Amino acid sequence: MDTRVQHVPPRRRSPRRVRVLLGSGAAALTLTAGLASPLNPAPDEAQAESTGKKTLTVAVAQSVDSLSPFLAQRLVSTSIHKLMYEYLTNYDPKDSHTVPGLATKWEPSADKLTWTYTIRKDSKWSDGKQATAEDAAWTFNKIMTDEGAATVNASYVTNFKKVTAPSPDKLVIELKKPQATMTSLDVPIVPKHEWEKVEDFGKFNNDDKFPIVGNGPFILTDYKKDKYVKLEPNKDFWRGAPKFDELVFKTYKDQDAAVAALKKGEVSFVAGQPSLTPAQAAELKNVPNVKVNDAPGRRFFALATNPGAQTKDGKKFGDGHPALLDQKVRQALFLAVDRETIVDKVFQGHAVVGEGYIPPRFSDYFWKPAADQKLAHDPKKAAQLLDEAGYKKNGDGKRVGKDGKPLDFRILCHATDPMDKSIGNYLKEWWGELGIGLEVQCLDNVTDPWYAGEYDLAFDGWSVNPDPDYVLSLHICSALPSKPGATSPTDNFICDKKYDDLYAKQQAEYDPAKRQDLVKQMQSRLYDTGYMNILAYPNAVEAYRTDQIKSITTMPSDAGNIYGQDGYWSWWSAVPADSEAGSDGGTSAGVVIGIAAGAVVLIGAVAFVALRRRATAEERE
Amino acid sequence: MTDASTSTTALADPDGPAPAGPSARGPRARDTVAYLRYGAGKLVGAAVSLFAVLVTSFFLFRIIPGDPVRTITHGRAVSEEQLQALRRQFGIDKPLWEQFTQYCGQALRGDFGNSYQLHDPVGELIWDRLPATLLLTGTAFVLYSLIGVWLGTRSAWRNGGLGDRFNTGLSLTLYSVPSFWLGLMLINVFAVGVGFVPGLFPTGLMETGDGSTGLAHALDVAHHMVLPVVTLVAVGYAQTLLVMRSSLLDEMGSDYLTTARAKGLRDTLVRRRHAVPNALLPTVTLMFVNLGHVVAGQILVETVFSWPGLGGLFYEALSIPDLPLLQGLFFVFAAGVILMNTLADLIYPLLDPRVGR
Chain A
1 MDTRVQHVPP
11 RRRSPRRVRV
21 LLGSGAAALT
31 LTAGLASPLN
41 PAPDEAQAES
51 TGKKTLTVAV
61 AQSVDSLSPF
71 LAQRLVSTSI
81 HKLMYEYLTN
91 YDPKDSHTVP
101 GLATKWEPSA
111 DKLTWTYTIR
121 KDSKWSDGKQ
131 ATAEDAAWTF
141 NKIMTDEGAA
151 TVNASYVTNF
161 KKVTAPSPDK
171 LVIELKKPQA
181 TMTSLDVPIV
191 PKHEWEKVED
201 FGKFNNDDKF
211 PIVGNGPFIL
221 TDYKKDKYVK
231 LEPNKDFWRG
241 APKFDELVFK
251 TYKDQDAAVA
261 ALKKGEVSFV
271 AGQPSLTPAQ
281 AAELKNVPNV
291 KVNDAPGRRF
301 FALATNPGAQ
311 TKDGKKFGDG
321 HPALLDQKVR
331 QALFLAVDRE
341 TIVDKVFQGH
351 AVVGEGYIPP
361 RFSDYFWKPA
371 ADQKLAHDPK
381 KAAQLLDEAG
391 YKKNGDGKRV
401 GKDGKPLDFR
411 ILCHATDPMD
421 KSIGNYLKEW
431 WGELGIGLEV
441 QCLDNVTDPW
451 YAGEYDLAFD
461 GWSVNPDPDY
471 VLSLHICSAL
481 PSKPGATSPT
491 DNFICDKKYD
501 DLYAKQQAEY
511 DPAKRQDLVK
521 QMQSRLYDTG
531 YMNILAYPNA
541 VEAYRTDQIK
551 SITTMPSDAG
561 NIYGQDGYWS
571 WWSAVPADSE
581 AGSDGGTSAG
591 VVIGIAAGAV
601 VLIGAVAFVA
611 LRRRATAEER
621 E
Chain B
1 MTDASTSTTA
11 LADPDGPAPA
21 GPSARGPRAR
31 DTVAYLRYGA
41 GKLVGAAVSL
51 FAVLVTSFFL
61 FRIIPGDPVR
71 TITHGRAVSE
81 EQLQALRRQF
91 GIDKPLWEQF
101 TQYCGQALRG
111 DFGNSYQLHD
121 PVGELIWDRL
131 PATLLLTGTA
141 FVLYSLIGVW
151 LGTRSAWRNG
161 GLGDRFNTGL
171 SLTLYSVPSF
181 WLGLMLINVF
191 AVGVGFVPGL
201 FPTGLMETGD
211 GSTGLAHALD
221 VAHHMVLPVV
231 TLVAVGYAQT
241 LLVMRSSLLD
251 EMGSDYLTTA
261 RAKGLRDTLV
271 RRRHAVPNAL
281 LPTVTLMFVN
291 LGHVVAGQIL
301 VETVFSWPGL
311 GGLFYEALSI
321 PDLPLLQGLF
331 FVFAAGVILM
341 NTLADLIYPL
351 LDPRVGR
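First to last, the sequence lines map onto chains A and B. Letter 206 of the first sequence, counting from 1, is numbered 206 in UniProt numbering, and no numbers are missing. Letter 142 of the second sequence, counting from 1, is numbered 142 in UniProt numbering, and no numbers are missing.
These are calculated hints, taken from the structure and not from any lab test. Keep in mind it's a predicted model, so treat the numbers as computed, not measured. Fair warning: there could be bad hints in the mix.
Unchecked claim - For the chain B half of the interface with chain A, some residues (derived, Cβ under 8 Å), not all of them: (1) Ala-85; (2) Asn-114; (3) Gly-199; (4) Met-206; (5) Gly-209; (6) Thr-303.
Claimed, not checked - Away from chain B, derived, C-beta distances all over 12 Å, residues of chain A: (7) Glu-134; (8) Gly-148; (9) Leu-175; (10) Lys-203; (11) Trp-238; (12) Lys-291; (13) Gly-318; (14) Gly-349; (15) Pro-489; (16) Asp-566.
We put the CB at the ideal spot given by N, CA and C, even for glycine.
Using the sequences and the accompanying hints, generate a full structural model.
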């Protein structure tokens with residue numbers, strides 16, 4: 001094949017040689033271009049060194065969906081809104097009780113139907129204008145009258161009759177019926193003089209003009225879609241200005257990459273939404289200058305059973321297993337669950353064993369079952385309950401009903417959540433020992449079968465707010481769908497008269513202590529009906545660099561989370577570390593220059609050798 | 001590759017060798033007419049495909065389970081009336097055929113509606129992220145095509161040798177590596193730094209965001225591009241290499257090469273002037289196919305490196321499902337492939353005169 005031809009003396013310089021030269025030159029150039037930035041070291045740090053600017057960079061998994069407080073749904077966006085705008089009230093970082101925000105005082109009328117808020121006089125918009133009750137009244141009225149503006153905040157105003165601002169420091173809200181959640185209206189108040197120019201609230205994303213006028217602790221100065229959001233401290237913030245010179249949120253779509261960025265010091269903080277995995281947490285624990293914050297979460301993780309899906313008018317639908325309508329069977333299932341094993345093995349310690357409906361971090365509302373009420377791990381009692389319910393074991397060790405059919409359940413599992421899957425495997429084993437079969441159905445989309453009532457059991461979980469009204473409302477009868485399969489607010493088709501009565505009572509109870517008591521009674525009732533059982537409260541595991549952040553407030557302050565707080569406490573309170581070095585993971589500019597030079601020399605040498613080899617090869621030919 | 005063969009056969013069939021034309025015109029004119037006829041056929045085909053894509057994308061994403069209104073409102077207090085209002089706003093409360101006619105009418109005017117979750121017009125969202133994707137995958141495309149052709153040629157010319165075995169083996173190994181894994185490894189080694197290897201490159205994103213402009217900004221982006229481009233090139237060049245290698249091997253026994261050698265041409269000249277141009281055709285087809293995919297970006301690599309491109313946007317849209325955005329993206333992705341294939345078909349006769357006659 002390789003028929004070599006005789007050597008022909010080159011008449012001209014081979015164009016190939018020129019090309020090789022050009023090629024290697026280009027390659028060298030590309031490489032040096034790649035290295036050029038570290039040559040004048042990482043701009044962030046360069047800036048920090050030259051101007052002493054302290055930047056706090058937060059790596060978040062989400063990108064911003066909208067900067068309009070009327071449209072934003074993602075946590076990253078609503079968290080940023082908490083920094084840009086004031087709310088009427090705020091939550092104390094210590095224990096989440098209500099504290100003043102834009103309003104300094106609030107008072108209900110004797111008939112409970114009128115609330116009067118006193119608006120603070122020391123809050124100015126960042127364009128210098130005074131923030132007044134008129135801004136607040138305008139914001140609420142807009143949500144009440146404009147469908148586009150109601151996109152995310154409608155639920156706060158459905159019970160409002162009229163909102164007015166009789167004077168610049170008085171906001172009056174008239175209600176249709178009493179509403180205990182009036183001190184937790186999580187609606188950002190926007191400046192009327194900026195927002196009344198907006199034409200279509202359903203399409204305006206608030207991202208065409210910077211800085212954005214606000215009155216929160218930070219002012220949003222720059223935003224690039226899918227890339228970053230930048231904020232600067234509001235020097236005139238009434239509670240005092242934040243200490244960092246700049247706060248940047250950057251979107252890292254892959255959490256392993258975000259962890260790498262933290263290790264290197266490119267970011268100061270990695271958000272625990274979603275929570276860092278046990279493996280990531282373990283890895284970061286060994287990295288110097290990194291602190292892993294294993295924070296008690298605001299979520300509960302539960303087992304839900306299908307109580308017989310039904311509509312508001314009691315029409316049954318779906319195909320939930322009839323055996324689960326027997327409370328003894330449900331209790332037997334819960335008794336066979338070893339919650340401690342789930343916390344230890346599945347969550348690898350990054351969770352707290354489940355008790356009542358509301359996580360312990362909300363200490364005012366936290367409830368746990370009394371000793372005689374509690375369904376603690378007890379497989380023997382579980383077996384006994386099943387016997388009593390008429391599901392005896394047959395010769396094969398399977399529980400069968402009176403109709404002779406074996407007891408086989410399905411459980412809906414989120415395919416995207418590895419926890420669901422592994423807990424499913426444990427349940428299979430534990431319930432299998434009882435003689436019950438279980439099929440773990442992991443789906444990308446669980447909502448369709450869920451709303452259709454086509455499940456026996458399901459993994460359930462919700463994030464709880466400082467005011468528990470919303471999570472409690474998921475189980476009232478009026479949350480049921482109006483027709484089979486329709487989307488509705490209900491979580492699990494639960495409808496219980498006693499629970500509903502308590503819900504209505506707490507909704508109208510303005511005395512905090514009495515309301516807390518009612519909420520605890522509701523949880524007790526929910527526990528006893530036994531359609532739901534809380535397995536664990538997963539932690540929110542997050543991490544930050546101690547050589548960039550000296551101190552930061554968690555919520556609750558004793559042990560709590562940093563990202564996704566109710567309020568602006570963490571970023572507002574963060575104190576920069578004064579160390580200068582260490583933020584670039586030990587790569588000094590000198591090393592980089594050395595390597596760049598080395599690379600260039602190496603490429604040059606390779607190119608030279610290649611050329612020589614070619615030349616001689618050609619001469620050999 | 002299949003595309004080349006089908007187009008060759010497809011166009012040979014319908015008209016026969018000599019299309020009707022005034023015999024007074026010379027063979028050249030006949031060629032031009034034939035080419036125009038061939039080109040028009042291809043263009044009509046492309047238009048039909050585009051329309052089919054338009055229709056498919058409407059139905060395709062409605063098959064995905066999931067209700068956008070449910071996903072979007074999940075975890076928030078919403079009343080049933082509000083859910084209805086959202087359905088009305090999205091236009092998914094209407095019967096399917098009505099939605100479809102409305103969609104077609106709008107799409108033909110180039111309007112894909114507004115994204116459910118990002119609220120902006122779909123066209124704007126795509127336009128915003130297109131440059132990032134084109135920059136990343138385009139650069140990678142140029143590099144892996146060049147490297148593939150170069151190494152493929154070398155491998156074939158010295159086939160069976162050590163270099164050939166090494167090149168083929170290495171490229172196939174890299175080809176079978178999952179791109180996200182390779183990306184993560186590169187991040188951990190070359191961005192964070194391991195042992196004596198310092199962290200030279202950023203761990204992700206497209207820019208530092210320090211407000212730099214001009215050359216400084218370009219260098220910043222180039223710096224951020226190195227690792228994702230290396231990942232894409234490493235995983236991608238094997239295809240070009242193997243196609244180039246095999247088609248060159250096919251040519252190597254040809255008589256015309258022996259003739260060329262007999263004329264006394266140097267080995268390199270035989271390769272460059274005679275063998276490679278003839279072997280390049282399948283590779284060119286492959287390149288056009290790859291070029292069509294450049295628009296779609298690389299979901300996994302874009303995710304690992306947090307690259308703000310179309311791949312990431314598509315992934316985000318799928319989880320809702322954000323129907324208008326999905327329809328728009330799918331149309332753009334498919335249009336990229338169709339246009340490039342059509343372009344390949346149109347250029348082919350110019351590269352190989354046997355085609356299109």
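| task | Take a quick look at A:Glu-134 and tell me if its Cβ sits farther than 12 Å from every Cβ on chain B, holds or violated. | result | About 27 Å separates A:Glu-134 from the closest Cβ of chain B, which puts it past 12 Å; holds.
| field | Reported absence of A:Gly-349 from the contact zone with chain B (all CB gaps over 12 Å) | value | holds (25 Å)
| query | At a threshold of 8 Å, is the proposed contact between B:Asn-114 and chain A supported by beta-carbon distances? | reply | Holds. Min distance 6 Å.
| task | Just double-check A:Gly-148 for me: nearest Cβ-Cβ distance to chain B has to come out over 12 Å. | result | violated (8 Å)
| request: Could you let me know if the closest chain B CB is still more than 12 Å away from the CB of A:Leu-175? | output: holds (16 Å)
| Closest C-beta approach of B:Gly-199 to chain A relative to 8 Å, hint status | holds (5 Å)
| said: Less than 8 Å between beta-carbons is the criterion; does B:Gly-209 satisfy it with respect to chain A? | reply: holds (5 Å)
| request: Answer holds if the nearest beta-carbon of chain A is closer than 8 Å to that of B:Thr-303; otherwise answer violated. | output: Where the cut-off is 8 Å and the nearest Cβ of chain A is about 5 Å from B:Thr-303, the hint holds.
| request: Would you check whether B:Met-206 satisfies its interface hint, that is, whether its CB is within less than 8 Å of any CB in chain A? | output: Given a least distance of 6 Å, the restraint on B:Met-206 holds.
| task | Could you let me know if the closest chain B CB is still more than 12 Å away from the CB of A:Lys-203? | result | violated (5 Å)
| task | Over 12 Å to the closest beta carbon of chain B is the bar; see if A:Pro-489 clears it. | result | violated (6 Å)
| query | Non-interface claim for A:Lys-291: all C-beta distances to chain B beyond 12 Å? | reply | The assertion about A:Lys-291 holds, with a minimum of 18 Å to chain B.
The structure is inconsistent with the numbered hints 8, 10 and 15, although it conforms to all the rest.
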